[in-house]
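With the sequences and hints as input, model every part of the structure.
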Amino acid sequence: MIGAGIVGNGLAYHLARLGLRDLILVDKGPLPNPGGSTGHASNFIFPIDYSKMMTDLTFDSTAQYKEMGVFIESGGIEVARLPEREVEFARRVSVAKAWGIPAEIIDPQEVARLVPYLDPSVIRAGLHFPTVGVVDSLRAGTIMRERAQATGALEVRANTEVLGIDVNPATRRVERVRTTNGDIETDMVAICCGVWSPRVAELAGAHIALTPIVHQMISVGPIPLFADTVGEIAYPIVRDVDANMYERQHGGDIEVGSYAHRPIIVSPGEIPSNEEASLSPTELPFTQDDFDPQLAEALELMPDLLGDEGVGIRYAINGLISMTPDGHPVLGESPEVRGLWSVAASWIKEGPGIARALAEWMVEGRSELDVHEADIARFYPFQQTRQHVRARASESFNKMYGIVHPAEQWSLEREIRLSPMFAAEKELGAFFYQTAGWERPHWYESNAPLLDRYGDRVMPRSAEWESRWWSPLVNAEHLAMRDGCGLVDLSAFVELDVTGKGALSTLQLLSVAQLDVPVGRVVYTSWLDGAGGFKADLTVMRLGVDHFRVVTGGAHGMADKQWILDHLPTDGSAHLSDLTSAWTTIGLWGPRSRDVLASVTDDDVSAEGFGFATCREIETSGLSTLASRISYVGELGWELYLPIEQGARLWRTLFEAGQVHGLVPVGIGVYGTTGRLEKAYRSYGNELTPEYNLVEAGMARPKVKLQEFIGKEAYLAQRESDPAALCCTLTVDDHRSPSTGELRYMLGGEPIVTLSGERIVDAKGRPSYVTSAGSAPSVGVHVLLAYLPPDLAVEGTRLSVVYMNELFGVTVAVVGARPLFDPENERVRA
Amino acid sequence: MRILVCVKRIPMVGGRIVLTPDGGQIDTSMLGFTVSPHEECAVEEAVRIVEAVRAKGGSGEVTVLTLGPPEAADQLRDAVALGASKCVLLETDREWGPIATAEAIAQEARERGPFDLLLFGNEAADSGDFQVGIRVAHLLDLPVVTGIKGLALEPSGSAGSLAGSLPRASARREYRGVEESFELGLPAVVTVKEGINLPRYPSLPGRMRAKKAVIDSLALGWQGEALSTESLRVPTVERRRAELLGRGAEAVPALVALLESLGLLS
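As you go down the protein sequences, you meet chains A and B in turn. If you use the working numbering, the first sequence corresponds to residues 1 to 830, in order. If you use the working numbering, the second sequence corresponds to residues 831 to 1096, in order.
Keep in mind the hints are simulated off the structure, nothing from the lab. All values reported here derive from a predicted model rather than from experimental measurement. Be careful, since some hints might not be right.
Short, incomplete list of chain A residues facing chain B, as computed with Cβ under 7 angstroms [said to hold, decoys possible]: (1) E276; (2) A277; (3) R314.
35 angstroms max Cα-Cα, derived DSBU-like pairs, lysine-lysine [to be verified]: (4) B:K1042 with A:K399; (5) A:K66 with A:K97; (6) B:K1041 with A:K399.
With the Cβ distance kept under 8 angstroms, some of the chain A side facing chain B (calculated, not the full set) [as the list claims (entries may be wrong)]: (7) P272; (8) P285; (9) F286; (10) Q288; (11) L299; (12) E309; (13) G312; (14) I313; (15) M400.
Positions of the beta carbon are idealized from the N, C-alpha and C atoms, including for glycine.
Structure follows, in structure tokens:
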């Protein structure tokens, strides 16, 4: 382990606990505070996050801090200055309910009762989290380190700088860490270096996509009111979220932290050494100008406390913290160097939980908590460039306490990956979302005339929140596709060809579905982890006896690619080629899609001549195209694969040929949400996560293949036992807000509760919440997918969904994977 | 009571000082700036004197002056946050030596004066010339005491109030274990040393005042100077080491042997 902050110490402890021996923890700084971000952390823990992963990690960390006796519960309050923040509180208290976190919206007087030095006239409301607390993270690190030492498994080398990490050029595996105190031979290295992580990874020729960024903090005291406080904290921590600040008592002082200043990015190479720094390497000189605008806001909120001329700013720093391109930590084994693990970009609130998860991952190959969203393998190379990391960090810094819509798009670093149809799509008024760097049309303004055609069937929305990053055109395109035909740009697909004598056995090992199928078959399959949780869901085409093409989504493609690479046979009998940048894909779906395709090809695309779940080369107007007859939107149609430079030509050909058949361009809003949800298709990352299994998802097939596959043993056991939850399709009984009467549409993540508002938790402790939400325009309802315990997973059961802190009635429409639209799947097989 | 305090912007260095590649300057790219600890105490002393005068119904003001780059305005604002009321920035485009600095300050003091008291730090923490305060006193023909760690202003005459007429000052310093006391009439120049007081921290309202403070700036042209910096060199320092003699009781023989070798055990 390199780095003795909260993460490195925690990892040492958990690895020792799991039985690993010969562990060495090095840090270039002194102990117990080697000078990293742990040493200046504000150390408070708010349990709430919109990300379930982050919430779970925080919960686990809190339990560990409590066990170590370094947690003090203080309570915490977020205060609203703006009307839109009050709305956000309603949303936030709902997600707190989903994750089982105590939370209550309170009025300004109640805030002032809990925090007597706060001026209630400045705020509109408070959101009280009674279980917020503070920890002593340095002490926790020391405890964990000493526990590991006590087992005899850990040697600690402080004041030891890492000079190099040697990698075997043939195997690309770590061999040795060179330090100022000698070399360490090892095939496993964990980089727990916080803001220095990119620099240390570079020593091994690897990337860790994070950047140090400044977070300003001052400490003001001595506060007379705090003179009698025993211990560290007696009053709740205040997050002044609309001012992007927080205030917390720390003994006799109050700490004021800010995320309001300009993003100040520092390169890891610029961070001074312990000797050169005037305070510590990560406590950089305070830049007063950046903080000045915040003084007035702080004074306004706490006028008597902070306006006291007798109390002074005793400490002020530009503290360095880590930020990543997507706000999540960077965890796991580097795809670039085997045996090199990244355990980076953790806050204090997640540190011990991340340490435990990583230790399990390193030793057992899988962690109990699902951390796939933080997998280091998720990044494409462009996402690891310094420019990209800095741009994302700059853009997200001031949103730390921001009101961020779940579909909000980045404004910087756009147009990185462009499909061959990009120019044509722009002409059509495409509104682009970015996925894995690809610009993908979410809907097309050129379809505006469809709004008149479909009227209220497009399920218009009036509430601003649900209208943001959404258009009724999505639903109009959906209906037009179901009536005629839709053309979808699927360039973001990841195409991974696996070839060679060992190709079949490699993919058989990964896939639940039988892949020993005739050449020309397309197979939809899940991939599982060793414990039978979902690792991926994707399709595989058998293009030859020893040639398979794995097609998966852009967002998870890199992790799926890594999973294949991790399981390629060592004898070289199978090879992986990533053809993502060589091939483009166009989806053609709808009842008229056969007519459109037939008009540009002489090949047989009839029902008899081109069956469902088959693929083969066809000629399309002078282009050789791989057509694959499957659908993620529940329609007759094809995915058409061809070399990327020919994509624009095929798009134009189909677009023109389709005009007489009612063809419209269709965006990813239909492909990813409405088309999918009407068909109850589950999605990886939403319904399909490592926490749930095939039986619970309603995707178990009648038979299990004879061949071995990863997770088979667990899967067989899952089939034998009663599921603890079942994935259900729910419909909303009444969209009218009980308070305002406005029609409201859930967006996902909301808790499903009983009619009376009681939380629902299954036998494994998993709460019921909306995993996916969206319109089902063909059936005229708004659909929610959610896992429910078996006693509630009964069709017709009436429950509630909490949205914006109000209860809306819902009904279990379907238990399992039967779709609401075209339940017999006649369309896809037409 | 009008007091002039002179401060100098200096880098806030850590244990190891890094020079620019050409050796001409300290590399300040990752450093903050401050004034020397002596000067922090000079500002504090000035503010306390004026506060005491005001508490007795008198009037007074602290003017803080610096000679340096435009960024030295930050250090003036820092002083305002602590209670100074006026700021003067003598802007220069390079590091000035003590002779030219003293001349510029003396001229400014004449123009803006009269001041009852001129406070300096004993020496700047970076260049350590120990000259500017003394040179200013000489140029203004004022008495000067240096290295002061105790300063008291007494009313002139037994019945006069501090605010009413010019008081006298008594100053104290320690030199090689001997305490020296001085009596001097005002106006005078006093250079103070860290320890004369414990400087306060800036309050939030103080910082708000600092933000709004008007800085009276004057650009000075380079006049040339007899003293100039050729280059800087970081002296090699023997690295401090700690040796672990052992743990628990087993360390005792080694400890005893060490103490004996140092002649600490009889």
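Now for the hints, and whether the structure bears them out:
1. E276: Constraint on A:E276 satisfied, holds at 5 angstroms.
2. A277: Because about 5 angstroms separates A:A277 from the closest Cβ in chain B, which is inside the 7 angstroms limit, the hint holds.
3. R314: Hint holds; A:R314 Cβ to chain B Cβ min 5 angstroms, cut 7 angstroms.
4. B:K1042 with A:K399: holds (29 angstroms)
5. A:K66 with A:K97: holds (22 angstroms)
6. B:K1041 with A:K399: holds (26 angstroms)
7. P272: holds (5 angstroms)
8. P285: holds (2 angstroms)
9. F286: holds (6 angstroms)
10. Q288: Because about 7 angstroms separates A:Q288 from the closest Cβ in chain B, which is inside the 8 angstroms limit, the hint holds.
11. L299: At 6 angstroms from the nearest chain B Cβ, A:L299 passes the 8 angstroms test, so the hint holds.
12. E309: Since chain B brings a Cβ to about 5 angstroms from A:E309, closer than 8 angstroms, the hint holds.
13. G312: Check passed: Cβ of A:G312 comes within 2 angstroms of chain B, closer than 8 angstroms.
14. I313: holds (5 angstroms)
15. M400: It is violated, given that the least Cβ distance between A:M400 and chain B is near 22 angstroms, above 8 angstroms.
Checked against the numbered hints above, the structure breaks only hint 15 and satisfies the rest.
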